[in-house]
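Which chain is which? The protein sequence lines are F and B, in order. The first sequence begins at -3 in the working numbering and counts up one residue at a time. The second sequence begins at -3 in the working numbering and counts up one residue at a time.
Don't take every hint at face value.
One copy or two, either will do: identical chains are not told apart, so a pair holds if it fits within one copy or between any two.
In silico BS3-like links for lysine-lysine, alpha-carbon gap of 27 Å or less [unchecked claim]:
1) Lys320 / Lys463
2) Lys220 / Lys498
3) Lys325 / Lys419
4) Lys220 / Lys463
5) Lys448 / Lys118
6) Lys262 / Lys524
Source of the hints: derived by calculation from the structure; they are not laboratory data. These numbers were taken from a predicted model, which means no experiment stands behind them.
There are 2 protein chains.
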Amino acid sequence: MLDTFGMQSQDFVLPEDLALDKVVQEVPSGIEPEHLSFLVSMCGQENVSTDTYARIDRSYGCGMIDSIRLRRHIIENLPDVVVAPRSQAEIEQIIGYCNEHRLPVYIFGGGSSVIRGFEAVKSGISLDMSKHMNRVVAFNELNQTITVEAGMSGPQLEDLLNHAPEKLGAKRRYTCGHFPQSFEYSSVGGWVVTRGAGQNSTYFGKIEDIVMSQEYVTPKGVFKTQDQPRAATGPDFDQLMMGSEGCFGVLTNITLKLFRFQLQNKQRFCFMFKNWDDAWNAYREIMQSEFGYPSVFRLSDPEETEVAMHQYALAGTPADTALKLAGHKPMQKCLLLGYSEGECGFARHIKGKIRSLCLRRGAFNLGPMPVRMWEKGRYKDPYMREDLQDFGVMIDTLECAVTWSNMEKVHQAVREVVHSRPKTICMTHISHAYPQGSNLYFIFIARMNSIKEYLEMQYAILDAIQKSGAAMSHHHGIGKQTAPWLEEQIGTPAMDVVRALKLHFDPFNIMNPGGTLGLDLSEEQKIKSWSMNLED
Amino acid sequence: MLDTFGMQSQDFVLPEDLALDKVVQEVPSGIEPEHLSFLVSMCGQENVSTDTYARIDRSYGCGMIDSIRLRRHIIENLPDVVVAPRSQAEIEQIIGYCNEHRLPVYIFGGGSSVIRGFEAVKSGISLDMSKHMNRVVAFNELNQTITVEAGMSGPQLEDLLNHAPEKLGAKRRYTCGHFPQSFEYSSVGGWVVTRGAGQNSTYFGKIEDIVMSQEYVTPKGVFKTQDQPRAATGPDFDQLMMGSEGCFGVLTNITLKLFRFQLQNKQRFCFMFKNWDDAWNAYREIMQSEFGYPSVFRLSDPEETEVAMHQYALAGTPADTALKLAGHKPMQKCLLLGYSEGECGFARHIKGKIRSLCLRRGAFNLGPMPVRMWEKGRYKDPYMREDLQDFGVMIDTLECAVTWSNMEKVHQAVREVVHSRPKTICMTHISHAYPQGSNLYFIFIARMNSIKEYLEMQYAILDAIQKSGAAMSHHHGIGKQTAPWLEEQIGTPAMDVVRALKLHFDPFNIMNPGGTLGLDLSEEQKIKSWSMNLED
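Working from the sequences, and respecting the hints, build out all of it.
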């Protein structure tokens, strides 16, 4: 970073702005007294709040745009009231009432959206699912499933499953297998409605593979899918509701498939390839060879590998020297790391096959240590964003999905856009893999102070992703941020289906209105100039 | 059979009815001359037929009810005309025309439906996709995908893939991994719209796991899903269109994920368990142990195992004697057989783990021979139905999907219904497995002559399946046969979504009308008395 930005070490001594000052601004709630009375009578005074801080907290997510706005005390798009329902019955009453009175409803799960998922653009009510709607509904060990309320957090779920014998009366310990980078602050409901992915998804699957059934409260009534392992009984309603991002109704509970807890079988591996072409073809080959999939499986492109050499404490070590001697060059070499899981022999076999395939492709075996380093930072690294901002450096991440035959085109197109701005870093990795393709995850880092400039970069990347034929998101979802790019990517006939479903479930557009999923884009959103007028 | 039905060997010497006589009846076509002219001008005279035989052939499937009706010369529900379009452009023109003139459209793929899937209940036009719409559209070896037209047959596809180097210019040989019992006479389009399953689905997945993208011509226009390995961009449109059974539009082409052809790695196994409880719990345990899934994986219940002893030539062999000595009793013991596939070490590891798990549960190792016997008959066994009818014996199969915790309830409920009729065989097996549950496949065999009695048995089984909480189908689909049971199983809110989608894609109900998927059930269908008035 010092090199790229022409910064000195002393530039990182005195922060420009620690942003620890309180956001003092009071924003009056516009809620009608009779609506407030109804909510209080329904959920109790202690579960209804019009306090400004609570309303900011339940409308802003964890995206870069959220962080930037808070740092600059830009407060917009707040709900009038935050309500924490205590049961599905209360949610049914509230949705019925809001439908009747045309009150917008936003749903807060864990608050970790990076795509302005639950931002209360049209004010109204924010339903806070995290306070009460976080209980176990049922546990079925024969089926290896658990049913939980949508507001349950990742760590709460995982703690229950890991200690299933003590906490659920089970015979074994389990895991959900879903560990997004946002794990600590994400909710099960958020995973599901956005089609999230955990960092171990290559083995466990994305959340849409892990979900068995769901229950929603929609303006049209309760909608519950079936607990069946598979069926040939018409469309798959689970796959139709997942990705609805709060626009069809409130997800109240989810039945998840479970996996056995057998972390003791974890098999770590790390290899360095001489160039990107060898690296991603080996990576693809591993996914197409049918010996089972690794769990964590991450490949960094040359630019990211340079950062990784420092991040995983490889730079300057004997391994670094050995790499140089073996002809691995800076800005060419590519780091692959991960681990396999599952039954012991299965995990070992996968690691063995990966090793021989990588060595055959001329890779250098770096052993398990870099993986351990990655594991240490897997949830914490994103917080560096805040520290970097203290020193005037902006960082953001954008991601998409690609087929193998389109991967390089997308990779190059986005890198070109980022590098068209001087002194800007563009790191890329693949971290979720399939036999037919993968995700692509871009991180741009720049010394940047202007919101407008930041948004122009973000929008240019989204444009490049769309124009090069990738899916606009692999696991962040669409929200209000990426919404203007959705229709052109999935096509108008597909958007028409989303609109037909919206009309079916939510005819008065009370659920998460304000552009989510491209359903009711404002004129500004349509021309992709939304938020561009935020004061720098 | 001799024992159960009180029949003698000589009863199987002289057939009661060989049913080789020609169905001579002429049924005049009701098509308006101007519609016929349009179709001829569009597709050419040679691709348009009003011949009675062609119309029967393209309306009747391979269900027992189809066989019974043909044997008794009961000809009903014929289309007015059979048209074989040559391109998607022609299909677009035809669907536009039919939508304008409100002409019913039925779609014929391979003709192997067993649920009255494409029966032309409202007459109109039958689109024969098998004649021309059976070409390769694209092959992408980097992605391991192939795009084919919907009318391509299973054997045609598999032949292309197995000989990909010669026929597609590929580097490797491939397989589609989808081998339903109807393989020889099924079409790719039929697999997809019904959510079919191959007999190897436990490893390769059901067709909904194998499909990458699809293109439909609907009355609303062309609807094409995206080629992406995964996405978080709203609902999954592939999973919404699969299961539409011709009610939303005409599936014209499909992109399928491919697997490497490595049959040389096949690892066969066969075990006998002492009782059903041990057997299905071992089977479940195998699916939940995370060492990878076998490909073919079939477990017969005690009654089916008795038949299997003869079918796989085990009865009277030294193995049979050894089983008896080891305490395996008739009508208690259960046969498990299958094989693993994929990369060599992966396949071996799975077989090894299955062996040790089965032996630990007290199973007897029968070696690979019964599997070879099963492989010989895997596509041919169903034809026995015709021979049995020659001698007055009826046989039919019904299937459903269950969770493990509900499996025994469904198994017992259906067996009870079948056995409530004296001298009736009820064989059951599990042949498609998941960690959370499986299918259940029922075969009833009876000396029976009355259509009414046959249908009463079928309807009673469907009732039992629904009431005990199973999914009405795991892979046959719903069609017009199972349609009256659908809404009560999936629930009215889910049916309302199907109806909303139907209205969106096909507002004038021209696509596969007449009860399919429960969309426009007749009064007779609603009270489950449809076809009951067929003459015996």
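Here is what the structure says about each hint:
1. Lys320 / Lys463: Close neither inside one copy (38 Å) nor across copies (69 Å); limit 27 Å.
2. Lys220 / Lys498: both (17 Å within a copy, 20 Å between copies)
3. Lys325 / Lys419: within (21 Å within a copy, 78 Å between copies)
4. Lys220 / Lys463: Between copies, since 18 Å is at most 27 Å while 37 Å is not.
5. Lys448 / Lys118: within (23 Å within a copy, 61 Å between copies)
6. Lys262 / Lys524: neither (45 Å within a copy, 54 Å between copies)
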